[in-house]
Structure formats: C-alpha cells, structure tokens
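Student: Listed here are the chains, written in short residue letters.
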Amino acid sequence: MRLLAITVVVFVTMSLVRPDRFFTPDNFSSMAFQFPEFGLLAIAMMITMLTGGIDLSIVGIANLSGILAALTLTRLMPPDAAGIQVVLYSLLAVAISLVTGIACGLFNGFLIGYVGIVPILATLGTMQLYTGIAIVITQGAAVYGFPDIITFLGNGSLWIFPVPFLIFGAFALAFSLLLNKTSYGFKLYLMGTNPTAARFSGIDNTLMLLKTYMLSGLMAAVAGFVVLARTNSAKADYGSSYTLQAILIAVLGGVNPSGGFGTVLGLVLAILTLQFLSSGFNMLRFSNFFKEFIWGAVLLVVMVVNYVSNTRSNREQARRRREAERQADVARGAESSVWRPGAQD
Amino acid sequence: MPRGFFRKTEFVVALTIGALCLVIGTVNPIFFTVGNLFDLVRNSIVPGIFALGVLIVIASGGIDVSFTAVAAFSMFVTAKVLVPYHFEGTILLPFAISATIGLVLGLLNAVFISFFKLDTLIVTLGTQSMYRGFMLAFIGAMEITNLPPAMIRFSRFFLVEVTQNRATYGLHFGIVILVVAAILVSLLLRKTMLGRGIYALGGDRTAAERAGFNIRALQFFIYGFVGFLAGVGGIIHSSLVRTARPFDLVGTELNVIAAVVLGGARITGGHGSVVGTLLGVTLVVIINNSLILLGISSFWQQVVLGALILLGTGIPTLQARFRARRASVLVAEEGAG
Numbered sequence: 433m434r435l436l437a438i439t440v441v442v443f444v445t446m447s448l449v450r451p452d453r454f455f456t457p458d459n460f461s462s463m464a465f466q467f468p469e470f471g472l473l474a475i476a477m478m479i480t481m482l483t484g485g486i487d488l489s490i491v492g493i494a495n496l497s498g499i500l501a502a503l504t505l506t507r508l509m510p511p512d513a514a515g516i517q518v519v520l521y522s523l524l525a526v527a528i529s530l531v532t533g534i535a536c537g538l539f540n541g542f543l544i545g546y547v548g549i550v551p552i553l554a555t556l557g558t559m560q561l562y563t564g565i566a567i568v569i570t571q572g573a574a575v576y577g578f579p580d581i582i583t584f585l586g587n588g589s590l591w592i593f594p595v596p597f598l599i600f601g602a603f604a605l606a607f608s609l610l611l612n613k614t615s616y617g618f619k620l621y622l623m624g625t626n627p628t629a630a631r632f633s634g635i636d637n638t639l640m641l642l643k644t645y646m647l648s649g650l651m652a653a654v655a656g657f658v659v660l661a662r663t664n665s666a667k668a669d670y671g672s673s674y675t676l677q678a679i680l681i682a683v684l685g686g687v688n689p690s691g692g693f694g695t696v697l698g699l700v701l702a703i704l705t706l707q708f709l710s711s712g713f714n715m716l717r718f719s720n721f722f723k724e725f726i727w728g729a730v731l732l733v734v735m736v737v738n739y740v741s742n743t744r745s746n747r748e749q750a751r752r753r754r755e756a757e758r759q760a761d762v763a764r765g766a767e768s769s770v771w772r773p774g775a776q777d
Numbered sequence: 002m003p004r005g006f007f008r009k010t011e012f013v014v015a016l017t018i019g020a021l022c023l024v025i026g027t028v029n030p031i032f033f034t035v036g037n038l039f040d041l042v043r044n045s046i047v048p049g050i051f052a053l054g055v056l057i058v059i060a061s062g063g064i065d066v067s068f069t070a071v072a073a074f075s076m077f078v079t080a081k082v083l084v085p086y087h088f089e090g091t092i093l094l095p096f097a098i099s100a101t102i103g104l105v106l107g108l109l110n111a112v113f114i115s116f117f118k119l120d121t122l123i124v125t126l127g128t129q130s131m132y133r134g135f136m137l138a139f140i141g142a143m144e145i146t147n148l149p150p151a152m153i154r155f156s157r158f159f160l161v162e163v164t165q166n167r168a169t170y171g172l173h174f175g176i177v178i179l180v181v182a183a184i185l186v187s188l189l190l191r192k193t194m195l196g197r198g199i200y201a202l203g204g205d206r207t208a209a210e211r212a213g214f215n216i217r218a219l220q221f222f223i224y225g226f227v228g229f230l231a232g233v234g235g236i237i238h239s240s241l242v243r244t245a246r247p248f249d250l251v252g253t254e255l256n257v258i259a260a261v262v263l264g265g266a267r268i269t270g271g272h273g274s275v276v277g278t279l280l281g282v283t284l285v286v287i288i289n290n291s292l293i294l295l296g297i298s299s300f301w302q303q304v305v306l307g308a309l310i311l312l313g314t315g316i317p318t319l320q321a322r323f324r325a326r327r328a329s330v331l332v333a334e335e336g337a338g
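Residue numbers (my numbering), protein chains in the order written: chain W, 433 to 777; chain R, 2 to 338.
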C-alpha cells in the first residue's frame, strides 16, 4: 500500500512538472516499450528470491538463449524463405530460446538443489559460464537481421498496446495466478518462510528448487527474446546492468531477500515507479548516470523506511501485549500476579 | 604438518596452480620467462588488494559488491582534486586522499548495514549504483590523462629489474604494498581480538553478540577497512594504466569475489584465510592472462572461470555432505551397538 502511494506521488509529480511532455500518449507508449524487458527479468529474479535464493545468471541466460534463437533465424533459416516458412522458423527460434532458458535454469536448480551450492555462488558461476558460452559461440560479435515478424514482437503494437507490454502483462498475470492459486505457489511461499517446516510438511524442497530455477530460466529466456526482437540483434554482453536492476525492482516491490514474501503486484508497482522516474528525469534533461544514482538511492531509502516502520509496529505490538497482560493481571487479582510457580521451593 | 593438511582448500588450489603452470609452461615456454611472470604479478596487485578486503567481509558473513565503485570513485575524485593544482609532491598524498575517501564511503555502507540491519548484498548493490551514478553525473565522466607526475613515476617504480634477451623487465613495487597488506590482514585475522570477532560474527551472529563482541563496531571496522583498501587499490590501478578512467573497475567485482571463494572462504561466513585468498587470486589471474599462451582463444576465458567457480564450490560442498552422512551413519551404528 505504501508502494502504491509512492507510485502515485511520483506519477503526479512528474505529470505536474512536465505536463506537456510527461502526460502524453507518446510518452506512455514509449514507457510501455521500455519496461517489459527488465520487468520480465525482475519476475525471474523474484521467484528465486521467494525461495530465499537469488539468480545472478538471468542476464547470461537471456543473452545465451537470445543468441541461439538469433542463430536459428540467421543461419538455419534459408535467406529466400517466405510466408509460412518464415513463421515456422520463427516459432522454432522461440522454441529454441525457451528450451535453452529451461535447460540453463534446470542446471542452476541442479547445482543448488542436488549439489547444494549456495545460490549466490552457483549462479555467479553459471552467469560466467552462460555468458562465456555465448561469447564463444558468437566470438563476441552481435548477431542481427531478423524477419519482420520477429521485430514486430519487439516494436509493434496491437491496437494501442505495444506487443512487449502485452507479453509482460500476460506473464505477470500468469505468475500472479501461479503464486496465489496453485499448490506450487503455496509451497513456494512456505518453503521461503521456513525450509525446515516445509520439509517436515512433506514438501520436496529439492524438487521445488529445481522447478523454481527452471521457471526463472524460462522467464529470462522470454526477456532475452523481447530484447532480441526490440533491438533486432543479439549479443553476449547486452544488459549487464540489468541484474542489479532486477534485484532492485524485486526488493523495491516488497520481495524479502531472505525469502517467503513478495507479490507480482508489488513488483509491477515498483517497475512503474522506476519507469516514471527515469522517463521524467530524461525529460528534465538529467543524464542516465543521474538515474543510476537515484535508483540506488531509492532502493536504500525504501529498505530503510521498511525497517523503521517494521520495528515501530513490532514495538507497538509488544506494548499492546504488555498492556493486555497487565489488565489481565489486574482482573485476576493482586495475589495471582505475585504468585510464581515453583517460587516457594 | 597439521592434520588434514592435504584435504585443505589451500593445498588443493596450490596443487591446481602448480599443475596449470606446468601444463601452460610445457605447451608454451614463454610462460616461464621473467617478463611473463612479472606481468602476472603486476596484474594480480590490484585484484589481490581488493580480495583482502573481500576476504574480511566474507569471513564476517557479509558480502560487498560496491568496492569496485568505491575504488573508481576514490581514485577518480583524487585525480580530479589534484590535477588542477598541478600537484608535484609525493605519491603518498594521492594514496592518503583516495584511501580516506574510500574509508568514508565504506563507513557509509556500514551505516546502512549496522543501524538498519539491512542485507549486505542489497545495501552494497544500492551503494554501488549510487557511488558510480553520483561520480558520473556530478563529478565527471571524462577520463583524466594528465595525472600528477608522482603517479606516473609510480608506474615505473620497480623493485628489481632483470634483463633477459636484451629486454628489461621490472617487478613492480606494488607487490610490496600487497604483501604488506596481506601480512597485516593475516595478523589481524589470526592474532587480534578484532579478527576473532570477525570470524565469530561470520560463524554465528547471536553467539558473537552473547560472547560480548560489539557487532556494530565490528561492522564499521569491516566495511570501513574494505573501503580503505579499495581506495588504495584504485590509486595503484590508475597509476598502472596512467589514466584515471571513471568507467574502469566496476564490473570486475564478481571476479574478485570468485577468487576469494575459490581460495576457500565460505560465503556463509566464518571461514577463509589470507593464503587461500592470494592463491585464489593467482589462479584467476593465471586463467585470465594465460589461456592465449595455451593456444586457446580468449573467448573461452569466462567459460573456464565459470566452470572453475562451479567445481571449486561444488566439490567441497559435496565432500562436506558425504562426510556429514558418514558421520551420521557412524553415530547411528554406535547407537545400535
């Protein structure tokens, strides 16, 4: 709720400061093209953080799966392909990128769940590994030049809605349902809150980790495909700063880094806030570096505010509990509050 | 020889380094030339100094990803301050300024970590972005090439010079700074109450608190010290490349963390040694600089490093698991008998 207020305040402020530029359909449309890629990455980051883990390899997965898809479109597809053939190869490219994402995610899950490496280290290693494989495949160069049907996914609009926005919306909705309405989601939150309790209540934690990192890899691949479609190219070192941004969005959206808490709605609000801020700053002619500064500052301020309000509400609760106990003592009578079991012997 | 010596991470890493050197040296004898070895030393000075800071943080159960941003910030601001004055004095002043800036930024990290009890990864990710963004937005984004003469002189300050095949190679003086820092950190961790406190904090925070350690003071020391070392490393870095580039260093933090972890420090805290850390740095530097000598394209660098991190962290984890399982079987048998 606090986040909703922040989102609204940022939005209103930006609208008031530059009503001629900010509060325009053009600006909304350009924002709707910009945020889906890191929004998708943030969902990938969020679900691993719900388990109390982290996935530093998402950008590596996104680039690797994007490159494999790009190679399908440039090397595998005959240059004179037309009509239905192009559609089939495009579907193949999508399938290859998603399968890559799932495979990379499963490998992360295997390392974390079965081998038992701490998530931050396992994904630190696979981040290097996946990025490295992408570099080896492409020799560090960009792969570019895709059919129109692909670039439409990144730059086209259906009626007034940009396609990347619709893709993000669909996945955000799907994950919201997955987390709230399915037994997988329920188990995920339980495991994040207390892994031991989860194990004793019959949840296979290893399997859950495997599934979660697989989903994370899948989402990273989707994000990779959106980047590929928007930029009409794929490269091994795209978006290296997105890892930080994905963590930032997740934490800002109320995801607890030690697991168990966080919603897709919070995440979406966090993305909108940051997007409003960065579009607004662009219009006020602040540099991108200023944006980097503000994002870091916003992250820290939100964490500090959360901490302060949590300790205050805890203290308030403790005070109320003491008050209630005191009144109960009074009601029971003076001697019962003095009596302590075992005190006389 | 202490018990379990051969199972220690340090020993395994040293063995790996030895084997790797032999392989590379056999394939390409250039590896063992003085020039190449001095180059490797030169390339490990800055990551080595950073790694000592990271070791302390990891031993205390935390993590710091902001140290490269701190190093870039301190180094660049120092250059920015000194260059307009045409500073002609000794190299000590740039070091002092940069280290002080680093110290202050590190203490700022500690404020967030200690007073608000925030996750160290989140805090340092946030401050990394802040420090770098602040520097690039408000202080400057253009590299400074006319560094003070003392810093240029420092880049040619050699400990020894060796002439081989009519070329002269120098062993850079920075290695002395690294060795001194390593000895100090080692003494600090092993011989002082402060060091005991750092390991205790990493082992079990609550227990450390009950044992009477002042957690807040420890954290201020740890993150301040990391910032201080980052400031020192930043100046050495910009001296070696003879430019102050604001875009340098940030992005290499995970490599340094990987080196420290490969050297046996556990990310969960409580473990790690200076010797292991230096060995880890050596391993990563050799991989990053010597694949070419093996005839392997440098495109493979990251794959090899990634695989190494996974093996280096995976094998000890599996060993620990098997050991735990064997122990529990033994206990069960004893209970039955």
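Calculated from the structure, these hints are not laboratory results. Any given hint might turn out to be false.
Said to hold, decoys possible - Distance condition first, Cα-Cα at most 25 Å in a straight line; then the derived SDA-like pairs of lysine to any residue: (1) K118(R) - D636(W); (2) K192(R) - A208(R); (3) K118(R) - R744(W).
Unchecked claim - Quick list of the computed label-pair ranges, beta carbon to beta carbon: (4) V531(W) - G213(R): 52 to 58 Å; (5) T583(W) - G296(R): 35 to 41 Å; (6) P317(R) - N612(W): 48 to 54 Å; (7) R217(R) - R631(W): 30 to 36 Å; (8) M715(W) - P150(R): 34 to 40 Å; (9) T207(R) - M715(W): 47 to 53 Å; (10) F593(W) - M143(R): 38 to 44 Å; (11) L610(W) - R322(R): 27 to 33 Å.
Every value quoted in this text rests on a predicted model; they were computed, and no experiment measured them. Note that beta-carbon positions come from the ideal geometry of N, C-alpha and C, so glycine has one too.
Student: Taking the hints in turn, state whether each one holds.
Tutor: Tested hints:
1. K118(R) - D636(W): Not satisfied, since the Cα-Cα distance of roughly 32 Å exceeds 25 Å.
2. K192(R) - A208(R): 20 Å, holds
3. K118(R) - R744(W): Holds. K118(R) to R744(W) sits at ~14 Å (cutoff 25 Å).
4. V531(W) - G213(R): 52 to 58 Å: 56 Å, holds
5. T583(W) - G296(R): 35 to 41 Å: Given a distance of about 40 Å, which is inside 35 to 41 Å, the answer is holds.
6. P317(R) - N612(W): 48 to 54 Å: 39 Å, violated
7. R217(R) - R631(W): 30 to 36 Å: 35 Å, holds
8. M715(W) - P150(R): 34 to 40 Å: 45 Å, violated
9. T207(R) - M715(W): 47 to 53 Å: Since the Cβ atoms of T207(R) and M715(W) sit about 50 Å apart, the hinted range of 47 to 53 Å holds.
10. F593(W) - M143(R): 38 to 44 Å: 41 Å, holds
11. L610(W) - R322(R): 27 to 33 Å: 31 Å, holds
Hint violations for this structure: numbers 1, 6 and 8, all remaining hints satisfied.
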